[in-house]
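Number of protein chains: 2
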Amino acid sequence: MNGVCVATYRAFDDKADFHKKALSIAVGLTVGSWTELPEAQKAEMEKHLGKVVSVEVFEAQDGAAGTRYADIAIAYPDINFSRDLPALLVTVFGKLSMDGKIRLIDLEVSQHFASAFPGPKFGLEGVRNLLGVHDRPLLMSIFKSVVGYDLANLQEQFYRQALGGVDLIKDDEILFENPLTPLEKRVEACMEAAAKAQSETGQKLLYAVNLTGPTSRLAEQARKAIAAGANALLFNVLAYGFDVLHELSSDPTISVPIAAHPAMAGAIYPSPHYGISASLLLGKLMRLAGADLVLFPSPYGSVVMPREENMAVKDALLAPLHGLKTSFPVPSAGIHPGLVPLILKDFGRDVVVNAGGGIHGHPGGTAAGGRAFRQAIDAAGAGIPLREAASTPGHEALLAAIEAWGVRES
Amino acid sequence: MNGVCVATYRAFDDKADFHKKALSIAVGLTVGSWTELPEAQKAEMEKHLGKVVSVEVFEAQDGAAGTRYADIAIAYPDINFSRDLPALLVTVFGKLSMDGKIRLIDLEVSQHFASAFPGPKFGLEGVRNLLGVHDRPLLMSIFKSVVGYDLANLQEQFYRQALGGVDLIKDDEILFENPLTPLEKRVEACMEAAAKAQSETGQKLLYAVNLTGPTSRLAEQARKAIAAGANALLFNVLAYGFDVLHELSSDPTISVPIAAHPAMAGAIYPSPHYGISASLLLGKLMRLAGADLVLFPSPYGSVVMPREENMAVKDALLAPLHGLKTSFPVPSAGIHPGLVPLILKDFGRDVVVNAGGGIHGHPGGTAAGGRAFRQAIDAAGAGIPLREAASTPGHEALLAAIEAWGVRES
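So the protein sequences, as listed, match chains A and B. Quick note: the first sequence uses the numbering used here, first residue 1, plus one each step. Quick note: the second sequence uses the numbering used here, first residue 1, plus one each step.
There's no promise every hint is true.
Derived lysine to aspartate or glutamate pairs resembling EDC-like cross-links, with alpha carbons at most 16 Å apart [stated by the list, open to error]: (1) A/K345 with A/E409; (2) B/K42 with A/D150; (3) B/K47 with A/D150; (4) A/K325 with A/E125; (5) A/K144 with A/E156; (6) A/K42 with B/D150; (7) B/K144 with A/E36; (8) A/K47 with B/E36; (9) A/K144 with B/E36; (10) A/K20 with A/D71.
Partial chain A-side listing against chain B, Cβ under 10 Å, derived [stated by the list, open to error]: (11) L104; (12) E108; (13) V146; (14) V147; (15) M305; (16) P306; (17) R307.
Honestly, the hints are just simulated from the structure, not real lab data. In this text, a Cβ means the ideal position worked out from N, Cα and C, and glycines have one as well.
Model the full assembly from the supplied sequences, consistent with the hints where possible.
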């Protein structure tokens, strides 16, 4: 549709007239009142009036309490809100979020609205270009422990990760500006380690340093980090708001990819009755706001998101969206080398395999952990079963990983 | 406690060893690993290590599935995070929010952390001082319809509200920057109506104009609104992030009270298993971030929050909190004059009675709607039953309201 943003909700109610509810949303969240307006005024107000697009009611055959719901789609005219995410979200789910059991499950923005969003500056292909890697999933690793450690320790941790052949290393999201490892010094120390590792491995590497501090100073902090050598940023988007990411990603001076961390997302997406779906929260909105890479809980590990939701997040990051670049999906948590074939099966080649414990916890140490993943990625990409690959010479790291964690086929 | 912020969680699990889980949170979200550290390093890291404060397990006698939970309190050393709300929230509930059925129910910040927060600039008493009203609840009204209306219409709506004797008028939260009623023109038109009404009623009035647009330009927009005559601001805090409110409220040039709107809050507080409790989200965090008035769903109307949660929000806004000013509680939605005695019973005198439909829907019109509320407030404050007050001369507005909506005693 043109000139409207369409929000789809899932509303639960054992008895409600969902068609009536849909109409009250469409009117209440736009012109406020309709039936009592004089006819002459209706003509003028028509262009502001929300419209019910569809109402699909689902009732369990046994009519069990708590199972009846409806998916309701409402079209909101663009003319009603400014072209920013706070305005859109407040319009479609501001007051309504508090109106009983209701969940925002999708949002189709208009071309007009989307045109205010440049989207990811690099996107999936741009990140691949920076690394010069086009034919396989990327590998990201996370520091093991960061709080309370000094520069020398982080540099050493960084070097060992880099030696293993990872493509990206990210800060832990709980590493804030601190006297032991202040932003610029940390960037310098880590990029020095990156250069040293590259001289040995020949491999490029992106370091996503955590962008933290007061909102109004984030852009300046980003520029400082970049001036110190940072070639990527990590950002806790939901702790700051989508609009802050939008402004950072739109800033021409912030010339490096931004990886969006999902911190706090669990307060919003997991309930079946409330909140915002993962595919919208961590998928479409992150991409619209300009995240080049998006981390989200994998369906494999301890911090779980059901597989179906994972696939919906992936689709939202990769499907056509008003000409915006795609964002790299980074399913995270609980990842070990034995999961790589499954990750490729679920996500395809365009995925970042992201591991913390699965790298540092390798019996041969951190560098061996990275190598095991790279070997798993190469084997899986070539269609070679991991156990078979692990038994060939030079694959000792993979073999040790499989002995430690096994291989999960599905 | 000194030097630590204590987060309390409610975690649901039918089988988990909650003591073990608590320990893994305390270690995992601070130093990352502990038992494998060399003793010499432990001494150095001790000051960064999170501590389990308490674990209380609740089990239903019948052991029904889904009913077993624990309240877990963890102390996080201040030294681990910068003194801003994104850092605190990401530390205590960033990754953890995605780790199963877990909810953040309280947060006790240290004096050291709180000292970075000036809190509400005016607070409850400051708002009373601006209005010169100290002996009764305040009355706030909301525009009936705003989207698609022009300046003349809003000015007329404003005037009719002001004539009824309301103390505060707020924009609808879905009124964004728009060509029909742009911010500065809207402020001028409404403050002109306020002056006109004041010349007739003798009563002061605060107009909370909606602060919207890109995050980096909000402070400038606020200054423009104030220069145009605005004497209060409305702000959709959760659509922008607590830190943005913190920065706005700390800005010495933004010299008017800020009313925090709860838009989007329903995506976060209502689930029993996920999210953040209303008392923390709309209570303590709003106050820490500097909201002078805080709107939240009332327990009376269509947009409901259970009474117990309402009282917890009120307490969080009014209880001692590191010397910060208190924030005015504004329970909203579904309010009509017949509810005023109940509101006073629940909230006491220090409350803002906030109405939309209960004012505009009055049989005698908007101004009569305001008068009915003021009469109800005066009667309830004097301990006179509403029906009795309504039967005395000069209380026709109250009588009509009671005939339309009744009186609810409990």
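Results for each hint:
A C-alpha spacing of about 10 Å is found between A/K345 and A/E409, which places the hinted pair at or below 16 Å, so the restraint holds. Between the alpha carbons of B/K42 and A/D150 the distance comes to roughly 14 Å, so the proposed pair stays at or under 16 Å and holds. Distance hint between B/K47 and A/D150 is fulfilled; the C-alpha atoms sit about 14 Å from each other, no more than 16 Å. A hinted pair counts as satisfied when its Cα atoms are at most 16 Å apart, and A/K325 with A/E125 qualifies at roughly 8 Å.
Distance restraint check for A/K144 and A/E156: the Cα-Cα separation of roughly 11 Å lies within the 16 Å cut-off, and the hinted pair is therefore satisfied. For the suggested pair A/K42 and B/D150, the alpha carbons sit about 14 Å apart, so the restraint of at most 16 Å is met. Distance check on the hinted pair: B/K144 and A/E36 sit about 13 Å apart at the alpha-carbon level, within 16 Å; holds. Simply put, A/K47 and B/E36 have alpha-carbon atoms about 65 Å apart, too far for the 16 Å limit, and the pair is violated.
With a CA separation close to 13 Å, the supplied pair A/K144 and B/E36 stays within the 16 Å bound. Note on A/K20 and A/D71: the hinted pairing holds, with a Cα-Cα distance of about 13 Å set against a maximum of 16 Å. Satisfaction of the interface hint for A/L104 is found here, the shortest Cβ-Cβ separation to chain B being roughly 7 Å, below the 10 Å cut-off. Because the closest C-beta pair between A/E108 and chain B is about 19 Å apart, greater than 10 Å, the hint is violated.
At its closest, the beta carbon of A/V146 sits 7 Å from a beta carbon of chain B; the interface hint therefore holds under the 10 Å criterion. Checking A/V147 against chain B by beta carbon gives a least distance of about 5 Å; that is within 10 Å, so the hint holds. Among the interface hints, the one on A/M305 holds; its C-beta lies about 8 Å from the nearest C-beta in chain B, closer than the 10 Å criterion. Taking 10 Å as the C-beta contact cut-off toward chain B, the hint placing A/P306 at the interface is violated, the least distance being around 12 Å.
Below 10 Å, beta-carbon pairs count as interface contacts, and A/R307 has none with chain B, the closest being about 15 Å; its hint is therefore violated.
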